[in-house]
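Go ahead and model the full structure; you've got the sequences and the hints to work with.
If you read the protein sequences in the order shown, they are chains A and B. Residue numbers for the first sequence follow the numbering used here, so the first one is 1 and each next one is one higher. Residue numbers for the second sequence follow the numbering used here, so the first one is 1 and each next one is one higher.
Because the hints were derived from the structure by calculation, they are not lab data. We put the beta carbon where it would ideally sit given N, CA and C, even for glycine. Check the hints yourself; a few may be wrong.
What the hints assert, rightly or not - Output of the computed footprint for chain B on chain A, the stretches with three or more beta carbons under 8 Å from beta carbons of chain B: (1) 183-197; (2) 231-245; (3) 275-285; (4) 379-387.
Unchecked claim - These stretches of chain B come out as covered by chain A in the derived footprint (C-beta under 8 Å, 3 or more residues): (5) 109-116; (6) 193-203; (7) 242-249.
There are 2 protein chains.
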Amino acid sequence: MRVFIAGVDGYLGWALAQYLTARGHDVAGVDNYARRQWVDEMGSVSAIPIYSMPDRLAAFREHYGKELLFREGDLLDYQFLRDFLSDFQPDAIVHLGEMPSAPYSMIDQAHSIYTHTNNVNGSLNVLWAMREVCPEAHLVKLGTMGEYGTPNVDIPEGFFEIEYRGRKDRLPFPRQPGSFYHLTKVHDTNNTMFACRIWGLSATDIMQGVVFGTQIDTMGVNPVLRSRLDFDQCFGTAINRFACQAVIGHPLTVYGVGHQKRGFLPMRDSMQCLTIAIENPPKAGEYRVFNQFEECYTVDELAEKVREAGSAVGLDVDIEHFDNPRTEKEEHYYNPDRQHLIDLGYKPTHDVVAEVKIMLQDLLPQRDRIMAKREIVVPDIRWDGTRRRSGVISASPVKS
Amino acid sequence: MRVFIAGVDGYLGWALAQYLTARGHDVAGVDNYARRQWVDEMGSVSAIPIYSMPDRLAAFREHYGKELLFREGDLLDYQFLRDFLSDFQPDAIVHLGEMPSAPYSMIDQAHSIYTHTNNVNGSLNVLWAMREVCPEAHLVKLGTMGEYGTPNVDIPEGFFEIEYRGRKDRLPFPRQPGSFYHLTKVHDTNNTMFACRIWGLSATDIMQGVVFGTQIDTMGVNPVLRSRLDFDQCFGTAINRFACQAVIGHPLTVYGVGHQKRGFLPMRDSMQCLTIAIENPPKAGEYRVFNQFEECYTVDELAEKVREAGSAVGLDVDIEHFDNPRTEKEEHYYNPDRQHLIDLGYKPTHDVVAEVKIMLQDLLPQRDRIMAKREIVVPDIRWDGTRRRSGVISASPVKS
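In structure tokens, the structure reads:
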């Protein structure tokens, strides 16, 4: 199949281009290198060194014996996007081209506006361009499990059948996102659902859990083929951040009591699931939602798993609880479905500790690189719109 | 109270500034005159002649013996907005500063992006500015009944208690908006709900029905104090458009079978309701939703009421059904609540025919002005992204 990846220079995009190519698909991709700039703005670097796109493309060609058709550009440049899609005529479009950080979107007015413009208008351009030049392509759009928030009922996959005052309907499941970033994902979800309804586009809206991991098998040993791995407060997601903290001997920074429960999945599961979605497209005009995660864990449980993996590789890992810079429920019910992907053949990895061990082994050679950024490891971007560094509230996991 | 109106040059904003001033409130307002440009872009004019803002402000001062504190500017200019709010220190902010047309948002990619940027980013700026300079002000934000779409169950006011798989929660009622414009209103709703939750802002989110009418009592006889009244396919809402068509002897353009049911209210009820919301603010940190309409009618019923009002003033009114340029259900269940405003004292007018008679008398002197724009009365903006003028499908109302 012909697969177009928006955000092909990113953490998931660069890996997915390789995973799909190894499976025999033809891949094209676009990026404006914004992720590199955001992480730079945070005063951080990728823990795993990354290379320029020309270097990446050359290594890609050599390793896979096939070109990755790349153009530098911005999804906000509609003409550019439409022309690229028109030239490439994809069977599937995987949209990973969004600003993916909750804290970054909460920094201030300018960052929340930037996040809205980049994510919502960029996605809207993808929908219009599809309608115009490739209406039969399948959009695989990356949402997030965070769109749902933490309701006191089970979380279905996008829709639910309800009875209300004696009448029944199948309705979109209510979203209660927890940051301006998560809100933009909800806006995209609503826009995509609508575009499918009125224009007959087909889309899979992936409500993905938090991804972690440093590699997938197809990457081999060439360092130029590795994906980035962030550990700053904005672009480093929970387990990735913890693994980098473990490597430099910094206590793991659990926010609040640590009972917040979320869905997580290793990068290799993310690749597997996205590929299942691509290779099993919906019917024409269908809008479907997949919840995509391996399993749900509390942040405490994850910190314990990182500690366990640390011991196995000779690292003594401390865990500390920091006052929570986010406004979120720290005790809540959480029970989301994820049956659709299982039905299509998804086999969850089910071994977080083994995956984290691989990560630690990958990250240990980068200890100095991470250590040099030690001062940015504790968060200071707060949901109340201020900047104040979090302090330790308790030194070991609070058991529930 | 000190009331700040965004969009004070518009159809509702200009009337509300007068209504509130007549009740003794102090009003400030902002506008960038965008509505004047949009209607001009549609090749149309306001059926009721409108005057420049300097003329309006002078007439306002003379009639009400009080200044309207006005500044020209754009909500997208954050510095400007924040400074104005900081200087004025409002008790309430009424946000009417959005692009309000479904068809306009559906014209093409550029118009849908414009609608998103103007509405979503403008509203986001209002939230950030409130947080920064007037966090205790009460935001009265204009949403639309169109956010809910037409579900097969009753429509509550914003939230509902549900039982799902044996557990209970109070959740936001799912939104199923029918155009990119309506989508931006949903995005605003979600952003506002979130800002109240994390920053403790207070807001009333008004899900308003379709407003019609040419005047409110306080305006008196000075033509400079009158509000605009649009009849083009984008900015002319159903009854306003029908009244203008009746005046020039053009058949009323009912879209599709005409069984689409919506909530409607005369401008005087809109003023009454907005004022009730302003004068009865929510608690600090509360986000509440009011459904705001006088009664629900099908488009056919409204066309019949315009015909009836027309006879009373000597106009022979034809009704024709045109192929529907929108993608919407033409047969559906529709039963929204509107109890919150009633509980606070709202007295619905309950006489559409009498209101339309006043409109027709106001519009008859403008017959030539409307007649000159006769060619724009039939819609051509279609939800499928094309432009094609609708044709007649049947010459009299289809009875259900």
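Exercise for review: Examine the region 379-387 of chain A for residues whose CB is less than 8 Å from any CB of chain B, and state whether their number is three or more.
Suggested key: Contact hint for the region 379-387 of chain A vs chain B: holds, 3 residues under 8 Å.
Check your understanding: Can the region 231-245 of chain A be counted as covered by chain B under the rule of three residues or more with Cβ-Cβ separation shorter than 8 Å?
Key -> violated (count 0)
Review point. Per the coverage rule (Cβ-Cβ under 8 Å, at least three residues), is the region 193-203 of chain B covered by chain A?
Key: holds (count 4)
Point to revise | Three-residue Cβ test at 8 Å for the coverage of the region 275-285 of chain A by chain B | key: Coverage by chain B is violated here, the residue count being 0 at a Cβ distance below 8 Å.
Check your understanding: For the region 242-249 of chain B, does the count of residues with a C-beta closer than 8 Å to a C-beta of chain A reach 3?
Key -> Violated, because only 0 residues of the region 242-249 of chain B bring their Cβ atoms closer than 8 Å to Cβ atoms of chain A.
Review point. For the region 183-197 of chain A, do at least 3 residues have a Cβ located nearer than 8 Å to some Cβ of chain B?
Key: Coverage by chain B holds for the region 183-197 of chain A (7 residues, Cβ < 8 Å).
Exercise for review: Take the region 109-116 of chain B, compare each residue's beta carbon with every beta carbon of chain A, and decide whether three or more fall closer than 8 Å.
Suggested key: holds (count 5)
The earlier numbered hints that this structure contradicts are 2, 3 and 7.
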